[in-house]
Amino acid sequence: YKDVRLNSMFLSKPSSLALPPDSPLRAEDPHYEGIKRLMLTLLLFYSKQSKSIRGANAVYHRITSHVDKPDIYEVFQLEKTFKTTFSLLVLHMWLVLRRLKEEGKDGVKFGQYIYETYNHDVELRVSKAGVNLLLTKWMKELEKIFYGNIVKYDTAISPEASQDDLVNVIWRTI
Numbered sequence: 001y002k003d004v005r006l007n008s009m010f011l012s013k014p015s016s017l018a019l020p021p022d023s024p025l026r027a028e029d030p031h032y033e034g035i036k037r038l039m040l041t042l043l044l045f046y047s048k049q050s051k052s053i054r055g056a057n058a059v060y061h062r063i064t065s066h067v068d069k070p071d072i073y074e075v076f077q078l079e080k081t082f083k084t085t086f087s088l089l090v091l092h093m094w095l096v097l098r099r100l101k102e103e104g105k106d107g108v109k110f111g112q113y114i115y116e117t118y119n120h121d122v123e124l125r126v127s128k129a130g131v132n133l134l135l136t137k138w139m140k141e142l143e144k145i146f147y148g149n150i151v152k153y154d155t156a157i158s159p160e161a162s163q164d165d166l167v168n169v170i171w172r173t174i
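With full-length UniProt numbering applied, the sequence shown closes on residue 174, and no number is skipped along the way.
These aren't lab readings, by the way, just hints derived from the structure by calculation. There could be a bad hint or two in this list.
[Claimed, not checked] DSS-like mimics (lysine-lysine), calculated; alpha carbons at most 27 Å apart, straight line: (1) Lys-140 to Lys-101; (2) Lys-48 to Lys-80; (3) Lys-48 to Lys-152; (4) Lys-105 to Lys-128; (5) Lys-83 to Lys-48; (6) Lys-80 to Lys-152; (7) Lys-83 to Lys-152.
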């Protein structure tokens, strides 16, 4: 293992995970009244699916806000490359999707909306990294890596796994 400076991660005191009311990451649906509300209702703005899609975008934005912060790269002394950022993104996605799976059918469905947002974002990141030709091939490779890592993470926390398996898998994949 590299020289990891974990102490620098824990310099601040514990605080609530709730977002403050003025946080730019906070996502709330507008509460219109009268004709505006009627029009938005007719346009299915308040439908369960529309609310789920907006919620998935908000959750995914929170995931990327953590992955894109320089702190995690500094603490673990990681070079900020596409591969490293992608690996961290997959790890964070696994954590969120695993948690949502515990919520049953609705959680899995919500996770699917987040996954679709993730796919779109990864495609944009690949394009931004300079890959314009063979984009479909790249996306298929990244999808294989995504599912391969998910399986490795799940296996590492299975009852049969040893105590260090998850740490070792995370270290190897990132």
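Here is what the structure says about each hint:
1. Lys-140 to Lys-101: holds (24 Å)
2. Lys-48 to Lys-80: violated (38 Å)
3. Lys-48 to Lys-152: Answer violated: Lys-48 to Lys-152 is near 33 Å, above 27 Å.
4. Lys-105 to Lys-128: violated (35 Å)
5. Lys-83 to Lys-48: Outside the cut-off at roughly 35 Å; violated.
6. Lys-80 to Lys-152: With Cα atoms ~23 Å apart, Lys-80 and Lys-152 stay inside 27 Å; holds.
7. Lys-83 to Lys-152: Holds, because 17 Å separates the two Cα atoms, which is no more than 27 Å.
Checked against the numbered hints above, the structure violates hints 2, 3, 4 and 5; every other hint is satisfied.
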